[in-house]
Amino acid sequence: MKKRFYSIGSLICAGLLAIFGFGSCKSGKALQAERARLTAQTDSLNSRVADLNFQIKDTQAKIEALRRGTHVAMYGGPNMTFEERRRMEEAARKREEAMQERIKVEEDKLKGLDSELYDTQSKLTQVQNRLGEISK
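With the first letter of the sequence shown counted as 1, position 88 gets the number 709 in the numbering used here; the numbers rise by one all the way through.
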């Protein structure tokens, strides 16, 4: 009787271990966790790519609007003195230089956004490749 109790107890313990998954292979769980992490990272990178594309289009529109606004028409009547004409031309030149400076700032911002978009897309490609390897 005593021997049978130990064999039944061993079977019950082994059954409980199997039911709760103790001692099972952890690689499946690790892969599942890695897949979930990579999927979340892919979603985050896709969101960032969409945001960068929006910012790039917005910056390009700003640059285009600034370029359209650089052409300044100067109106001077026939009674305008030389000094008045010089002041008018100086003001127009300053406005054009200010517009060129603003365009340069926006173009630098656009270059930074393009660079960040390239880096983000390459990172997204790496994550997607890793996710594809895990899914196999």
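Among these hints, one or two may not hold up.
Claimed, not checked - Simulated restraints on C-beta separations:
#, residue 1, residue 2, range
1, E704, V670, 53 to 61 Å
2, D729, E704, 48 to 56 Å
3, T663, V726, 30 to 38 Å
Don't read these hints as lab results, they were simulated from the structure.
We put the CB at the ideal spot given by N, CA and C, even for glycine.
Against the structure, the hints:
1. E704 x V670: 53 to 61 Å: Given about 56 Å between the Cβ atoms, the range holds.
2. D729 x E704: 48 to 56 Å: 38 Å, violated
3. T663 x V726: 30 to 38 Å: 33 Å, holds
Hint 2 alone, counting from the list given before, is not met by this structure.
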